[in-house]
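2 protein chains.
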Amino acid sequence: MKKQLKQNDARNRRIVLNSRPVGAPRDDDFRLEEAEIPQPAKGQLLLRTLYLSLDPYMRGRMSDAPSYAAPVGIGEPMPGGTVARVEASQHGDYNAGDLVLAYSGWQDYALSDGQGLVKLDPAMPQPSLALGVLGMPGFTAYMGLLDIGRPQAGETVVVAAASGAVGSVVGQIARLKGCRVVGIAGGSEKCRYVVDELGFDACLDHHSATLPQALADACPQGIDVYFENVGGAVFDAVLPLLNVRARIPVCGLIAHYNDQSLPPGPNRLGLLTRTLLVKRIKMQGFIIFDDYGDRYGEFFAAMFGWLTAGKVKFREDIVDGLENAPQAFIGLLEGRNFGKLLVRVAPA
Amino acid sequence: MKKQLKQNDARNRRIVLNSRPVGAPRDDDFRLEEAEIPQPAKGQLLLRTLYLSLDPYMRGRMSDAPSYAAPVGIGEPMPGGTVARVEASQHGDYNAGDLVLAYSGWQDYALSDGQGLVKLDPAMPQPSLALGVLGMPGFTAYMGLLDIGRPQAGETVVVAAASGAVGSVVGQIARLKGCRVVGIAGGSEKCRYVVDELGFDACLDHHSATLPQALADACPQGIDVYFENVGGAVFDAVLPLLNVRARIPVCGLIAHYNDQSLPPGPNRLGLLTRTLLVKRIKMQGFIIFDDYGDRYGEFFAAMFGWLTAGKVKFREDIVDGLENAPQAFIGLLEGRNFGKLLVRVAPA
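From first to last, the protein sequence lines stand for chains A and B. For reference, each letter of the first sequence is one residue, going 1 to 348 in our numbering. For reference, each letter of the second sequence is one residue, going 349 to 696 in our numbering.
Since the hints were made in silico from the structure, they are not lab data. For clarity, every value in this text was computed on a predicted model and none was experimentally measured.
Lysine-lysine pairs mimicking DSSO-like chemistry, simulated, CA-CA at most 27 Å apart:
#1 B:Lys630 x A:Lys282
#2 B:Lys467 x B:Lys661
#3 B:Lys525 x B:Lys630
#4 A:Lys177 x A:Lys282
#5 A:Lys42 x A:Lys119
#6 B:Lys525 x B:Lys659
#7 B:Lys630 x A:Lys279
#8 A:Lys279 x A:Lys177
#9 B:Lys627 x A:Lys279
#10 A:Lys282 x B:Lys627
#11 A:Lys311 x A:Lys177
#12 A:Lys311 x A:Lys119
#13 A:Lys177 x B:Lys630
#14 B:Lys525 x A:Lys282
#15 A:Lys177 x A:Lys313
#16 B:Lys390 x B:Lys467
#17 B:Lys661 x B:Lys525
#18 B:Lys525 x B:Lys627
Starting from the given sequences, assemble the full structure and let the hints guide the process.
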C-alpha cells in the first residue's frame with residue numbers, strides 16, 4: 001500500500017482488499033483508493049468515520065475459505081465497525097451531528113440508509129468505548145463467559161489474549177463472579193498489567209517454553225472454564241488440565257488465522273474428543289451478534305454499571321490515520337497491540 | 349482364558365482381569381476363577397446372575413489411563429450391569445426370588461447390601477430389556493439425543509453404530525421427532541435391518557471407501573445432530589457436513605478404545621475447533637448415570653410407552669455362558685455383534 005494521503009473534506013479515501021493473503025497479510029494485500037465524497041439521496045445519510053475498530057475476525061473475511069460470513073470481494077472496502085458522525089442527512093430519523101455506531105468499514109465516508117445504525121449519546125465522553133468494552137468485544141466476553149461458560153464462585157477460569165479487548169473483559173467479569181482467574185498474554189509488560197491493573201490472580205507469558213507446567217502450577221484445582229480465543233499451543237496446554245464438566249466457549253482462534261494447511265501430526269482430534277467424553281465437557285462456538293443479538297441491552301446495562309463503578313477497567317491502543325490501518329491490523333495478528341486496537345480516522 | 353467350567357449351584361465362577369490389554373483385548377487378558385459361593389450375612393443378599401450386559405465402556409476400565417471411572421485392578425472381577433435373581437436374603441427389603449437390576453459384574457454369584465439395586469417386576473416377560481432398550485444404552489440414547497442433541501422436526505440426524513444398542517434407539521427417537529435419520533453401520537445386513545426394520549431413512553456401510561461422498565449424498569441438507577459414539581473415520585466424514593448450530597452429543601468413541609498412541613498427522617484438532625467456531629456448534633460429552641441419573645424415571649416412562657406401542661424396536665444378541673463373555677466382548681469391539689450384546693449366565 002503506497003499512497004499515504006491524509007483524511008480531508010474533499011475526497012473519500014477507502015482501503016480495499018487488493019489480494020487475498022497467503023499466510024499472514026502483507027501491506028500489498030491492501031490498497032488505498034480515493035473517490036468523490038458521495039452525496040446522500042432521499043432516505044440516506046452521509047457518515048464520517050471517527051473511529052474504526054480493528055478486530056481479528058477481519059482476517060477471516062480476507063479469505064475465500066468457507067466461514068460464517070461471506071468473504072470481502074477483491075476491490076471491495078474492508079469491513080469493520082465504526083463510530084461515525086452524521087455529516088448530512090436526508091433521513092427522517094437522523095440529523096447532522098448525530099453520533100452513531102455503524103458498520104461502515106475502512107473508509108473516511110460512507111452512505112447509509114439507517115439500517116443497522118445505533119445512535120450514541122452525542123455527549124458520550126469517550127465514544128470509542130462503543131467499539132470496545134461497551135461494544136462487540138465486551139459483548140462477546142460477557143455472553144460467551146456467562147451464557148456458555150457459566151462460571152461459579154470458586155471455579156478456575158483461564159483466558160488467553162488476556163490483555164486484549166475480549167480477554168481483559170472475560171477475566172474481570174470472572175473475578176466479579178468470584179472465580180480464580182488465570183490469564184495468558186504475550187510478554188511480561190502485558191502480564192503485569194493483567195495482574196496489577198485488571199486484578200487477575202495470575203498471568204503467564206505464552207512465549208514461555210514452560211507454559212504447560214506454569215499453567216498447571218497456576219491452576220492447582222484444574223480448569224473449569226477455558227475461554228478460547230486463541231487456539232494453538234495455549235489450547236494444547238489447557239487440554240490436560242480441564243476438569244470434569246468444564247466449559248469451553250469458542251469465540252476465536254487467532255493462532256490459526258494465517259494457517260495455510262493443517263499442521264503436522266500427530267492427529268490430536270481424537271484426543272480432544274476423548275477428553276470431551278471422559279470429562280463430560282461442553283465446547284461451543286458462537287458468533288456474538290448472530291447468536292445473542294437480542295441480549296445486547298442486558299449486556300450494555302450490566303457493563304455500563306461496572307464501568308461507572310470502576311469494577312471493569314479497559315485499555316485502548318489508538319493508531320492515528322486510516323492510512324495506517326493495514327499496518328495496525330497486521331500488528332494485531334502478531335499480538336503487537338496492547339489493549340483494544342482502534343484507528344482514529346477523524347478527530348471526534 | 350483356558351478353564352471352561354459351566355455354571356453350577358456349588359461354586360462361584362468369576363472372570364477377572366488377568367492383564368491390561370495392549371491394543372485390542374485378547375483372551376489371555378481375562379482369567380476365569382472359581383471360589384465358594386458366598387453366604388449373605390445380616391443385611392446382605394445373595395444374587396445369582398441371569399444376564400450380564402457387555403458394553404464398549406468396559407474397555408476403558410481395563411486400562412489404567414485416566415478416565416471417568418477407576419480402572420479394574422488386576423485380579424478383580426470385570427464390572428458390568430446384570431439382571432439377577434435373589435437366591436437368599438438377610439435383607440429386610442428383599443426376598444428370595446426377587447428380580448433385580450444390579451451391577452454385580454462378570455460372575456455367577458455376588459453379595460449385595462442392597463445399595464444401587466433396582467427391583468424389577470418378577471413377572472417381566474423379558475427382564476434382559478432392563479440392560480438394553482429400557483436400561484443404560486436406551487437411557488444414553490434418550491438423554492444424549494433429546495437433552496444435548498435437541499432435534500427439531502425436519503432436521504437431519506446422523507448416528508453411527510446404528511444397529512447397536514445405543515444407535516438403534518437414537519435413530520428411532522429421532523424419527524419419532526420428525527427428523528431425517530441417516531445411520532452408519534458395519535455391513536449390508538446391518539444396514540438393511542436399520543432401514544427396513546428400524547425405519548431409518550438411509551444407512552451407509554462404514555467399511556465403504558466412499559463413505560464421505562455417500563454421507564454427503566444422504567444428507568443433502570447437511571447434518572444438524574451427529575450422535576457421536578464411534579469417532580475415527582466416521583467423524584472425519586461428518587465434520588465437513590455439519591450445519592450452522594449443529595449439536596454433537598458424545599457418548600462413546602469405540603474406534604479409539606484400542607488406540608495405543610495418537611494417530612499420525614496432519615493434526616486436525618484445530619480444524620475441529622475452527623468448525624465449532626465458524627458454525628457455532630455445540631459438542632458435549634456425557635456419562636449417562638452421572639449426568640442424568642435423576643431423570644431415569646422420565647426416560648423409562650417414555651420408552652416403555654414407545655415399546656408397548658411398537659414405536660421402538662430392538663434386537664438382542666445373546667451369548668450363552670459366562671465362560672464365553674471374553675470372546676463375546678472382544679467381538680463387540682470389532683463390531684461382530686448384531687444388536688444389544690448380552691450373556692445369558694443362568695436360565696431366567
